[in-house]
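Quick mapping for you: the protein sequence lines, in order, are chains A and B. Everything in the first sequence is counted per our numbering, starting at 230 for the first residue and increasing by one. Everything in the second sequence is counted per our numbering, starting at 230 for the first residue and increasing by one.
Calculated directly from the structure, the hints in this document are not laboratory data. If you're wondering where the values come from, they're calculated on a predicted model, not measured in any experiment. The beta-carbon is built from N, C-alpha and C at its ideal position, and this holds for glycine as well. Check each hint, because a few of them may be wrong.
[What the hints assert, rightly or not] Sample of chain B residues with no beta-carbon within 12 Å of chain A, all distances over it, derived:
| no. | residue |
| --- | --- |
| 1 | 250 |
| 2 | 254 |
| 3 | 255 |
| 4 | 298 |
| 5 | 332 |
| 6 | 366 |
| 7 | 374 |
| 8 | 407 |
| 9 | 427 |
| 10 | 438 |
| 11 | 499 |
| 12 | 502 |
| 13 | 508 |
| 14 | 514 |
| 15 | 542 |
| 16 | 550 |
[As the list claims (entries may be wrong)] Quick look at which bits of chain B chain A covers, simulated, 3 or more residues with Cβ under 8 Å:
| no. | region |
| --- | --- |
| 17 | 283-291 |
| 18 | 299-307 |
| 19 | 340-349 |
Protein chains: 2
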Amino acid sequence: MSAGNQPADRRRAPGSISAVKTVGEVGERELIAMFTTAARSVGGSGDVVIGSGDDAAVFVPTGPVVVSTDTAVAGRHFRFDWSSPRQIGARAVVQSAADIAAMGGVLTGVVVSIGCPPQTPVDRVLELNAGIVEQSHRYGARVLGGDLVSSAEVVLTVTSLGVLEGTAAVALVGAIAGDVLAVSGPLGGPAGGLAALSAVEHGADPGLLEQFADLVAAYRLPAPDLSQGRVAAVAGAHAMTDVSDGLVEELITMSGASQVRLDVQSSAVPQASGLSELGAALGVDPARWALAGGEEHELLAAFEPAHVPAGWTVIGEVSVGGTIGDEAGARVDGVPVGEIRGWQSFTDV
Amino acid sequence: MSAGNQPADRRRAPGSISAVKTVGEVGERELIAMFTTAARSVGGSGDVVIGSGDDAAVFVPTGPVVVSTDTAVAGRHFRFDWSSPRQIGARAVVQSAADIAAMGGVLTGVVVSIGCPPQTPVDRVLELNAGIVEQSHRYGARVLGGDLVSSAEVVLTVTSLGVLEGTAAVALVGAIAGDVLAVSGPLGGPAGGLAALSAVEHGADPGLLEQFADLVAAYRLPAPDLSQGRVAAVAGAHAMTDVSDGLVEELITMSGASQVRLDVQSSAVPQASGLSELGAALGVDPARWALAGGEEHELLAAFEPAHVPAGWTVIGEVSVGGTIGDEAGARVDGVPVGEIRGWQSFTDV
Chain A
230 MSAGNQPADR RRAPGSISAV KTVGEVGERE LIAMFTTAAR SVGGSGDVVI
280 GSGDDAAVFV PTGPVVVSTD TAVAGRHFRF DWSSPRQIGA RAVVQSAADI
330 AAMGGVLTGV VVSIGCPPQT PVDRVLELNA GIVEQSHRYG ARVLGGDLVS
380 SAEVVLTVTS LGVLEGTAAV ALVGAIAGDV LAVSGPLGGP AGGLAALSAV
430 EHGADPGLLE QFADLVAAYR LPAPDLSQGR VAAVAGAHAM TDVSDGLVEE
480 LITMSGASQV RLDVQSSAVP QASGLSELGA ALGVDPARWA LAGGEEHELL
530 AAFEPAHVPA GWTVIGEVSV GGTIGDEAGA RVDGVPVGEI RGWQSFTDV
Chain B
230 MSAGNQPADR RRAPGSISAV KTVGEVGERE LIAMFTTAAR SVGGSGDVVI
280 GSGDDAAVFV PTGPVVVSTD TAVAGRHFRF DWSSPRQIGA RAVVQSAADI
330 AAMGGVLTGV VVSIGCPPQT PVDRVLELNA GIVEQSHRYG ARVLGGDLVS
380 SAEVVLTVTS LGVLEGTAAV ALVGAIAGDV LAVSGPLGGP AGGLAALSAV
430 EHGADPGLLE QFADLVAAYR LPAPDLSQGR VAAVAGAHAM TDVSDGLVEE
480 LITMSGASQV RLDVQSSAVP QASGLSELGA ALGVDPARWA LAGGEEHELL
530 AAFEPAHVPA GWTVIGEVSV GGTIGDEAGA RVDGVPVGEI RGWQSFTDV
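Only chain A is shown next, with the shape it has when bound in the complex (with noise of 0.2 Å):
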């Protein structure tokens, strides 16, 4: 079964030595060392001139240097329970790497900081870290460095690095009256997938994760596809995000931006296969997991209506009007999204 299935904690012996011991036990020097080895193992940019290991990393930029922080924290991010510590690692490096891949980037590098109860079981922070650097890797990027501390909860800071390859920054100021909305992927199956989990923790049928399980492995470890940023950018895209918050809530932020008033159809926006099967079953309207779930990390971009990439759908409309914190400068279906932002609450754990 692929990682985005299954949680990593089920696939071990029990058994195991390692499985006992604790971060407190092993301790910082020798953990930073595991991870040291693991971030130089194959993967990633040759323009590293220092790597893991040292005071800090060193590496020669092909371009402009694009650069974002995220942070994760259990119980309200991720929960161990609900995806396995590969999946967490990973899920924390995708989130980060949005964050360049809507500038129009290409994620390099990554730097991590790790916080955890100095009793965490030391497979546990290993697996983390073999998450961080797997997907880093997925990225063509490296592990370039990292923190390792002792907190009271598990926290994952991830801070990407990217370039620019020719192309300028897109950013959330340049949409346009006349342009269209696109969108690089269907949204809400994060959104879904944390219902379903959420709905067997309170009763629902435990077979709802079977039935759902590209919808729960989507939220687990959401797999967008990054590069679509590049595309938009040589494409030409005139503003773009990743929606992380929620498509209402990047509609809010990219229209106080650029602006502009921005119309989406709802029945335009594509929606994550299975979605409709599972708000059948739970009693709830898909369009709000399309529509106001977060965590999917799918791109949002503005783009002159001949320029849309192919792959991409539209979504809605660029006109004049929109200023900061104008919630009646997005609307969906005409309704100023205001009105639906309580959907918001979706994307809690």
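Go by the hints and put chain B onto chain A.
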């Protein structure tokens, strides 16, 4: 009184409205808008294409990029009853920036993640951020972006970005037999200040904090001259690090990385002013603070004997020997530092 001497909490009118609002009440969106405004204030690199407030920041580096990340956790790396939020924020920048200096780099920007409980007073978070912004500006750098999340305790992660301006990176690897070891400034000040705060908490005369105000200030906000990193690189330093974990720990690390033997004479190690008087007052050998104290971020480097920059103090020699993990590869007064390492407990808060 300077920011280094007086916790800022005491300077605020106790009845001010903002002092009672919490982060949970104000919300992430409004706070991030405040942070973005602060980040856009005067200061720092003109090479920033897109700064704080978008998905990611974009800057055009003038040379190879140096990156490092450091996390500080309340109660473990700092205490709100011992330092002001502004000092804590500033110190987090010093810690991370020192890693850039230790490669010979010049700090250009930082990205910051702040985790805090929802019930945290807004003022505390704004002051933390103000300290981060101020200290970054002191170094000629900009705050490029950040993240704000809910967590059980206050957690600060600062990722520093710098550039190498015409010098090669100075790594931990590279010290060779015949080099001398030198430090960029006096050691032990922060560890002394911490010992004074701790002693007063355990019943010592509170007058100690007035008497040794400079040492206490050095703990609250270490002030190493980080421009010495580039000075050392220009002088051709063979290897360098910052003294974040205490001198003996850094000797072990550099000895292992460079595979050389490092011999330090304790009498040659410059001690912070007032350290011997504090040692007498507390009945502690002040050499412990200078040799095994941490958090000071002065620089330690290996140079050809003729190339030690002005202002640096030679404290020892490099000779043949030393392997990774070999504590006998680093010696103080001829004694392997493994026997001194117990002193690292001084660096605990």
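The hints, checked one at a time:
no.	hint	result
1	250	19 Å, holds
2	254	17 Å, holds
3	255	15 Å, holds
4	298	4 Å, violated
5	332	5 Å, violated
6	366	18 Å, holds
7	374	6 Å, violated
8	407	23 Å, holds
9	427	18 Å, holds
10	438	27 Å, holds
11	499	21 Å, holds
12	502	27 Å, holds
13	508	28 Å, holds
14	514	25 Å, holds
15	542	20 Å, holds
16	550	21 Å, holds
17	283-291	holds (count 8)
18	299-307	holds (count 6)
19	340-349	holds (count 4)
Of the numbered hints listed earlier, those contradicted by the structure are 4, 5, 7.
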